[in-house]
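K.L.:
Read off the chains here:
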Amino acid sequence: MDQPIFDRVRDIAADVLQVDSASIGADSSPETIETWDSVQNLNLVLALEATFGFEFAPEEMDQMKTIGKIAEVVAGKQPA
Amino acid sequence: MPIRIVRYTADHVAAVRDLNRRLSPDEVLEELQFPETPDPGWLPGMELFVALEDGAARGGYMLRRQEFSVLGETVPVAHYRQPLSEGVIDRKYAMLALRLVRDALVREPRLYALGMGGFQNPLPQMLKRLGWRICAVPFHFKVVHPFRFLREIQALRTTPARRFLLDAAAYTGAGWLGLRLMGHARRVRNVKSETAARFSEWADAVWEQSRTGYTLLAARNSGILDALYPPGDPRFLRIRAAGGWAVLLDTAMEGHKQFGNIRVGTIVDCLAPPEDAATVVRAATRTLEKRGVDLIVSNQLHAGWCQALAAAGFRRGPSNFLFAASPALAALLEDAEDGDLHINRGDGDGPIHL
Chain A
1 MDQPIFDRVR DIAADVLQVD SASIGADSSP ETIETWDSVQ NLNLVLALEA
51 TFGFEFAPEE MDQMKTIGKI AEVVAGKQPA
Chain W
1 MPIRIVRYTA DHVAAVRDLN RRLSPDEVLE ELQFPETPDP GWLPGMELFV
51 ALEDGAARGG YMLRRQEFSV LGETVPVAHY RQPLSEGVID RKYAMLALRL
101 VRDALVREPR LYALGMGGFQ NPLPQMLKRL GWRICAVPFH FKVVHPFRFL
151 REIQALRTTP ARRFLLDAAA YTGAGWLGLR LMGHARRVRN VKSETAARFS
201 EWADAVWEQS RTGYTLLAAR NSGILDALYP PGDPRFLRIR AAGGWAVLLD
251 TAMEGHKQFG NIRVGTIVDC LAPPEDAATV VRAATRTLEK RGVDLIVSNQ
301 LHAGWCQALA AAGFRRGPSN FLFAASPALA ALLEDAEDGD LHINRGDGDG
351 PIHL
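So the sequences go chain by chain: A and W.
Going by this note's numbering, the letters in the first sequence line up with residues 1 to 80, in that order.
Going by this note's numbering, the letters in the second sequence line up with residues 1 to 354, in that order.
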């Protein structure tokens, strides 16, 4: 896992979902974070896209079921 | 398995039926039901799409392709209708709502959405975050028979104290007087009008004369109007007055959650050059008053029609009927005010429930 990317994704998620970043782990998902509903999910996606400067493809959005998976997708879109 | 969004075919009906059962297992909630046929046969231009995961339907949406007149130019636009996602019951699919709208935007960048039940709901909130232009389409109402209105209007009779006050106002005549002072219960002047069995060449002439008077409006030629308001459907009353027309409904409610048991007249749709709006509204109102309705309602966005309704004794109430334009459609309307757009219940709903 790319730790710096994971940390940034976690901080953005904590900010959007209004939870303590220390409580977010790689397995955190809409099923484990109460505030992560469909509206906050949208806010999270848009915040990530704005921060990293790209738009997620549909197949990438399919994979983004946990914070760890989101960080993996984001890391995969970073220039080498 | 990744989720694929594909055109809805007969092969997907069983999966959609299962989705509907998962979304509302006990009681069938209309807003949580996707059509269990790929060809619901409502309106021309309809296309249905389903989101499939390993054979299971996880959601879907509809597009209704239409022509709009934007600043007098004909522009293809699509109505984004009834998006439904399993995300409402299973957060594992929280991403699907966004995928559905992005998929629709790829198919037609100029989208609009209508209704949506108010700003507080997830869909308009999502569209707002995605940069859509959103406004409420004002709700106008006119009380024709105050006694029956005060005794039956369930939307206001929500507590014993309110029911007591409304009954007191009804039986003492105070309600009638108050509504009359507010401009209600005032009959409008008679206006020359006629009913029409269907739309034909005369409606095409109204369309051609009216379209340049509005920054944005959906095409309303006779073919489109007869599809929206079929001549064989006795619910729709078509009236012609001045240089325009209106489509009306006269519905006897029975135990309605908001209207109780009153007769509700609706000015569903209308078109005329803006300067003729007042005459058409007067004719529509007079027609419904003569038929004996207790209350007349209409959702209209264009300032000319709003003013015409006010002049005929209508007042405004809170509206949860929203109009949303995608960024590509909104870009065409950059210099327009909301009140320059001609949007009403006739846009998108087609044969509506009232």
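Some hints here could point you the wrong way.
[Claimed, not checked] Interface residues of chain A toward chain W, partial, derived using beta-carbon atoms under 8 Å: (1) M1; (2) I5; (3) P30; (4) T35; (5) W36; (6) N43; (7) V45; (8) E49; (9) D62; (10) K65; (11) E72; (12) V73.
[Said to hold, decoys possible] No more than 25 Å apart at the CA atoms, straight line, and that leaves these computed lysine-lysine pairs for DSS-like: (13) K69(A) / K192(W); (14) K128(W) / K65(A); (15) K192(W) / K290(W); (16) K65(A) / K192(W); (17) K65(A) / K77(A); (18) K92(W) / K128(W); (19) K77(A) / K192(W).
[Said to hold, decoys possible] What follows is a list of derived Cβ distance ranges for each label pair: (20) E59(A) / A227(W): 35 to 41 Å; (21) D233(W) / A47(A): 44 to 50 Å; (22) L71(W) / F54(A): 32 to 38 Å; (23) E73(W) / E31(A): 46 to 52 Å; (24) A47(A) / T74(W): 55 to 61 Å; (25) D167(W) / E31(A): 32 to 38 Å; (26) P58(A) / A197(W): 44 to 50 Å; (27) G317(W) / Q3(A): 52 to 58 Å; (28) A205(W) / A47(A): 50 to 56 Å; (29) P58(A) / A227(W): 31 to 37 Å; (30) E31(A) / R291(W): 50 to 56 Å; (31) E73(W) / A47(A): 35 to 41 Å; (32) P58(A) / A10(W): 20 to 26 Å; (33) P58(A) / R162(W): 48 to 54 Å.
Since the hints were derived computationally from the structure, they do not count as laboratory data.
Since this is a predicted model, take the numbers as computed values, not measurements.
Ideal placement from N, C-alpha and C gives every residue a C-beta, glycine not left out.
K.L.:
Which of the listed hints are not met by the structure?
P.N.:
Violated: hints 1, 2, 4, 8, 11, 12, 13, 16, 19, 24 and 25.
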